[in-house]
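Colleague: Sequence:
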Amino acid sequence: MPSIAMASTKPPLSPSLPSLSIRASSSPLLSKVETHGSNFHFPSLVLVSATASVAMATAALPPEAAASSFPLILGALQEPSNALSLPTWAVHVSSVVEWIAAMALVWEYGEKSGHTAWKGLSWGMVPLLGGALCACTWHFFYNAESLEVKFLLVAIQGALTTIGNITMLIAAFRIFKASQESSSTS
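In our numbering, the protein residues as written are 2 to 187.
Quick caveat, the hints were computed from the structure, so don't treat them as lab data.
For each residue, glycine too, the CB sits at the ideal point set by N, CA and C.
Some hints could be false.
As the list claims (entries may be wrong) - Derived DMTMM-like pairs: lysine to aspartate or glutamate, alpha-carbon spacing no greater than 20 Å straight-line: (1) 120 x 109; (2) 120 x 182; (3) 178 x 112; (4) 120 x 99.
As the list claims (entries may be wrong) - The following label-pair restraints were derived from C-beta to C-beta distances: (5) 152 x 103: 22 to 30 Å; (6) 90 x 174: 31 to 39 Å; (7) 149 x 98: 20 to 28 Å; (8) 147 x 182: 47 to 55 Å; (9) 150 x 185: 51 to 59 Å; (10) 178 x 147: 43 to 51 Å; (11) 84 x 183: 48 to 56 Å.
Could you put together the complete structure from these sequences and hints?
Modeller: Below is the structure:
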């Protein structure tokens, strides 16, 4: 019996969506969104979302289940009981990378929009990045007491977090004041 091939009448799905660009308005806190061509790559967004979902799902597992998920890697390692799991490290490292990316995006917005107060927000984020790096360093050495006592790493991390929260508050206030000034002059 001959086989019958049916042609699909649906057009193939496009792998890209319309891209979004932000154009600054007269107020630095408000912007208009416009759509242009198809430069936004949907597959890369799906890949990033899927990777983040897997990392978060694995991080939610109990340590025994997470270790059994990676038997070849973790079977050769003999780490202390207080060592961070691979999924937890993935969350720590990705958080630091995301923070650096956010700093860069805030800086770029400040440059492109002409509102320099936004650059101050990027500078205000620096102490918090330092605190995150202190935490990662302490975890890298299995939360060693020598780092906590001798080098005061945990105290430095706490101080940088406090300083970072204050600098972010000041930067946010400067952005608010700049938006008030620009709206009163226009």
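Colleague: Each hint should be assessed against the structure and marked as holding or not.
Modeller: Tested hints:
| no. | hint | in the structure |
| --- | --- | --- |
| 1 | 120 x 109 | holds, 8 Å |
| 2 | 120 x 182 | holds, 17 Å |
| 3 | 178 x 112 | holds, 18 Å |
| 4 | 120 x 99 | holds, 17 Å |
| 5 | 152 x 103: 22 to 30 Å | holds, 28 Å |
| 6 | 90 x 174: 31 to 39 Å | holds, 36 Å |
| 7 | 149 x 98: 20 to 28 Å | holds, 25 Å |
| 8 | 147 x 182: 47 to 55 Å | holds, 51 Å |
| 9 | 150 x 185: 51 to 59 Å | holds, 53 Å |
| 10 | 178 x 147: 43 to 51 Å | holds, 45 Å |
| 11 | 84 x 183: 48 to 56 Å | holds, 51 Å |
In summary, this structure violates none of the numbered hints.
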